[in-house]
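Engineer: Take the sequences, apply the hints, and build the full model.
Residue numbers (numbering that gives the first Met the number 0), protein chains in the order written: chain D, 0 to 365; chain X, 0 to 455.
Just so you know, these hints were derived from the structure itself, not from any lab. Among the clues, some could well be false.
Residues from chain D that face chain X, not an exhaustive set, calculated with beta carbons under 7 angstroms [to be verified]: (1) 19; (2) 20; (3) 21; (4) 32; (5) 36; (6) 39; (7) 40; (8) 42; (9) 43.
Some but not every residue of chain X turned toward chain D, in silico, with C-beta under 7 angstroms [claimed, not checked]: (10) 168; (11) 171; (12) 172; (13) 207; (14) 221; (15) 224; (16) 277.
We treat Cβ as the ideally placed atom computed from N, Cα and C, and that holds for glycine.
Chain residues, written in single-letter form:
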Amino acid sequence: MAGKARKVQRGELHRPPGVGGMSGVLALLLAATAVIGLVAVLRVDNWGERGSGLSERFEFSFEELLTVDPELVGYRETGQVEVPLSSVRALAAVPGGGWLVSGEGAILGFDAQGASTVRITVTGEPTCLAVAGEDHTYPGRIYAGMPSGVERFAPGGESQGMWTAGLDENSRLTSLTVFEGSVLAADAGNRVVLHWDAEGQLLSVIGRPDPSRNIRGFTVPSGFFDVAMFADGVLRVANPGARRIEAYTLEGDFLGEWGEASAAIEGFFGCCNPSHFAILSDGRFVTAEKGIPRVKIYSEQGQLETVVATPEQLSPRLLASRAFREDQTTAVLGVAADAADRILVLDALQRSVRIFEPRGGSSDAT
Amino acid sequence: MVARERLAPLRGRIRRASALLSWAAWGTALAAVPARASDIIPVPDFTDYRVPISVPPAVEHPGWEWLSVLLLALALCLASYLALARRSRRGVYALTVACLLWFGFFREGCVCPIGAIQNVALALGDPGYALPASVLLFFLLPVVFTLFFGRTFCAAVCPLGAVQEVVAVRPVQVPRWLDHGLGLIPFFYLGLALLYAATATGFVVCRYDPFVAIFRLSGNFNMLVFGAAVVLIGVFVGRPYCRYLCPLGAVLAVCSRASKWHVRIAPTECTRCRLCESSCPYGAIELPTRPLPSRMRPAARTRLATALGLAPLLVLAGVLVGGLLALPLARLHPEDRLAERVLREDQGLVEGTTDASEAFRNTGRPVEELVADVLAIRAGFRLGGRWLGAWMGLVVGLKLIALTVRGKREDYLPDRGRCVSCGRCYKYCPEEQMTLGDLREQAEWESAETAEVASP
Chain D
0 MAGKARKVQR GELHRPPGVG GMSGVLALLL AATAVIGLVA VLRVDNWGER GSGLSERFEF
60 SFEELLTVDP ELVGYRETGQ VEVPLSSVRA LAAVPGGGWL VSGEGAILGF DAQGASTVRI
120 TVTGEPTCLA VAGEDHTYPG RIYAGMPSGV ERFAPGGESQ GMWTAGLDEN SRLTSLTVFE
180 GSVLAADAGN RVVLHWDAEG QLLSVIGRPD PSRNIRGFTV PSGFFDVAMF ADGVLRVANP
240 GARRIEAYTL EGDFLGEWGE ASAAIEGFFG CCNPSHFAIL SDGRFVTAEK GIPRVKIYSE
300 QGQLETVVAT PEQLSPRLLA SRAFREDQTT AVLGVAADAA DRILVLDALQ RSVRIFEPRG
360 GSSDAT
Chain X
0 MVARERLAPL RGRIRRASAL LSWAAWGTAL AAVPARASDI IPVPDFTDYR VPISVPPAVE
60 HPGWEWLSVL LLALALCLAS YLALARRSRR GVYALTVACL LWFGFFREGC VCPIGAIQNV
120 ALALGDPGYA LPASVLLFFL LPVVFTLFFG RTFCAAVCPL GAVQEVVAVR PVQVPRWLDH
180 GLGLIPFFYL GLALLYAATA TGFVVCRYDP FVAIFRLSGN FNMLVFGAAV VLIGVFVGRP
240 YCRYLCPLGA VLAVCSRASK WHVRIAPTEC TRCRLCESSC PYGAIELPTR PLPSRMRPAA
300 RTRLATALGL APLLVLAGVL VGGLLALPLA RLHPEDRLAE RVLREDQGLV EGTTDASEAF
360 RNTGRPVEEL VADVLAIRAG FRLGGRWLGA WMGLVVGLKL IALTVRGKRE DYLPDRGRCV
420 SCGRCYKYCP EEQMTLGDLR EQAEWESAET AEVASP
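Structural biologist: See the structure below:
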C-alpha cells in the first residue's frame, strides 16, 4: 500500500523530454555540413569530364605497343604502287606474278613490276578476291566476293556469272581462296567458311560449332575474317576473336591451331586479330593486324620469325600525334605473297600496294 | 618429262597426306584443351595484371519485384494500422527498421516510390516508354494510402525516411521561418525532376539520392559525402531529406491534407495541456489559435488581399523566368551537351575529343541531324521551363496565402501536410498515458483520496 502511495506522487508524472531549440554553434556546424554536402553534389562529374581519377598506371597508353625493336624487323619496303581508285578494299596475288586490287566499282590488275594489266568494271565494291592457279579447274579465273554473291571473271575480265548458294541475308564475304576444284569463302556474317566446287555448288560449311568434333566455332567480332588454302591441302582460317589461326580439312575436321592473345610483338593484339594473313611458298605465315597495324611472319608452327612492317611505317600519324580519332581508319586491308614471295600490303590510308622484301636480299645489293 | 608430270599429282597427294597426318596428331593433342574464356571475351593486355573475366549479373527474376510490391502494400496496411489504430510508436519504429532492411539494404533502394514519380512522368512525356506495372504500383500505392490515412508511407515504409528516423537521436527545433522557407524546396525539386524526366534528360532524383550509396555500400565519392552530410544533419534536424528535399514528400503532403483519416496527438480529447507542444522534431504540430483582436483584422485582411493579388503575378513572373532559363536547363540533357561539344571540336575551340563525341563520330550520324534534334529538345525545354516557372510561382504564391490565413484551431493538432505519422508525440499526451494505464492508478488514488477527505 505504501508502495502504491509513493508511486502516485504528482512529481513522478511521466513526461518525456521535448525537442529543444537550436544553439548558435550547432546551427553553424549544421550549416557547414550542409554546404559541404551541397558542394559535393555540385561537383559530381556526371559526364566523366574530369577523367577517371585513376593513377597513370591505368592510363590507356599505346606508347610501348607502337614501338618495335629494330632488330626484329627483317624486311624493308622496296616499292609502292598507287591504286587509282577512290577507295581500296581487297588484295589478291596472281599465281603467275602480279596482283589484283578491288575498290569502288572496279578490279584492277597489275604485273609484278606494278604496271596495270587489266581493269574490270563492277557494280559495287568487291570485298574479297582470289585468282585460280594452275592446279585449279579454271586456271586464271578471278573470283570476287560481292555483297550479293561470288562473281566469276575470265582472266581477261569478262563476267562469267555469279553464284549465291549457301549465302543468306546475314552473309558478309570477307575472304576468298581457291584450291584445285574448290573455292572457299569466309562468311563473317554467319561465322563460317563456305566450300563450293568450281561451278558454285555448295559442298560443305566449315566451322559450325560442334563439340563432338571439337569445333568451337569462329569468334568474329568485326568484319575481318580471313581464309587461305596452302598446297598441302589444309585450310587455314583466322579466328580473330580468339586471336588464333586454325587448321581444318576440306571436310571441316579441326586439325589444330596456333596464336596467342597478347600486346607483345609475339602475339595478336586487340579484340580481333589477325585481320588478314597469307601463306608463303615454304608454308610460313604472313599476318596483318589492325588497330595497331603491323605485319609479321610466323613459322609453320606459329613462332614469330620477323617483323615485315611496323606501326610507324604503316600509320605514322598514329605514332606522331596519338590522335586515335584520325587513325581509326584501318591502315592495312590485306596482305598477300606474290610468286616471288615478296610481301604485298594493301595500304588503305595511302590507297597503294606496298612491297616488302627481306633485308639483305638481291634488291639490297643493288 | 612426261613421267615427271604424271608423278607430280601423286607427289602432291603424298605431301598433303603427310601434312594431314601431322595436323591430325596436333589436333588430337589439342582436342583435350578446354575452351578458353578469351575465345569469347577478348581481354586487353596492357600490363601483367590478369584482368578477371567479368560476368554480367544474372537478370533478376521479376518475382522479386512483385514480391516487393506485395510487401509494400502489406507494410502500408501495417503502418496505417499501427499509427492510427494501435497508436504504437514502438510498432511503427519496428516496421521502419524492417522496411529499411528490406527496401533499403536488401533491395538496394530500387525501385523506390520517390524515383517512380519520374517513371510516371517519362511515360506521360514519351509515349514510347513502357511503364512497368510494378513501378506504377510503387508510385500509386503510397499516394492512395496517403489519401486515406495520411503519410503512413513516410512514417514506416520509405527506406529513405527510415534511415533518417533511425539516426534522429538528438533532434532540435528548426526556426519556423527557416523551416517554412526550406519547406518550399521539395516542390521546386519535384517540378524540376518531372521536367527532366518528361524530357528524357535523366532521373535526377535517383542520380542525387543521398542514401542509395549507403544502401549499396558503394558509390560515387561525392554522393557518399552528400549522404554522410545528410545523415549527420539528420542526427540533429529530424528527417532533413524528407522535409527539405523529397519530391514525393511534396506530393504526399498535398494528398495528406485531404486524407480521410489522420493520426491525432490525443487519442480522445485534447486538454490543451501543452505537454506535446515541443514533442515533434519535425515541427509538425499546430498550436491552438486565438481569435484575432478586431483592431488587427483590417491589417490581416490587407495581407491576405496582397497575397491573393501577388499569386498570379508570381505565376506570370515564373513563366517569364522559366522561359529565359530554358537553355541553362537544357544543358543537363546529354544530347545538348554532346552537340555543343561536337560543334566546339569542329570549330577548333577545344582540343581532343570526349568519349561521347568520339562515340557519336563513330556512328557516322551527320552533325546537322544532331543539331536538329537538340533544337527540338530546346524547344521542349522552353515550354517545360515556362511550366516549371509557373509551378514555382504558384507554390510561392500559395505559401504566402497560407501564411496569411489564420486557421481556427482549438486543439493541438498535427499539421496534416507536414506530419509523417511517426507517433513520436503519442507518449507526450496525458490522455494517451491514461489510456495505456500509466496514469490509471494515479486517477484511482486521487478519486479515493477525494472521497476520504469528503467523508467525516
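Engineer: Work down the list of hints and note, for each, if the structure agrees.
Structural biologist: Do the hints match the structure? See the list:
| no. | hint | in the structure |
| --- | --- | --- |
| 1 | 19 | holds (6 angstroms) |
| 2 | 20 | holds (5 angstroms) |
| 3 | 21 | holds (4 angstroms) |
| 4 | 32 | holds (5 angstroms) |
| 5 | 36 | holds (3 angstroms) |
| 6 | 39 | holds (4 angstroms) |
| 7 | 40 | holds (5 angstroms) |
| 8 | 42 | holds (6 angstroms) |
| 9 | 43 | holds (5 angstroms) |
| 10 | 168 | violated (12 angstroms) |
| 11 | 171 | holds (4 angstroms) |
| 12 | 172 | holds (5 angstroms) |
| 13 | 207 | holds (6 angstroms) |
| 14 | 221 | holds (4 angstroms) |
| 15 | 224 | holds (4 angstroms) |
| 16 | 277 | holds (3 angstroms) |
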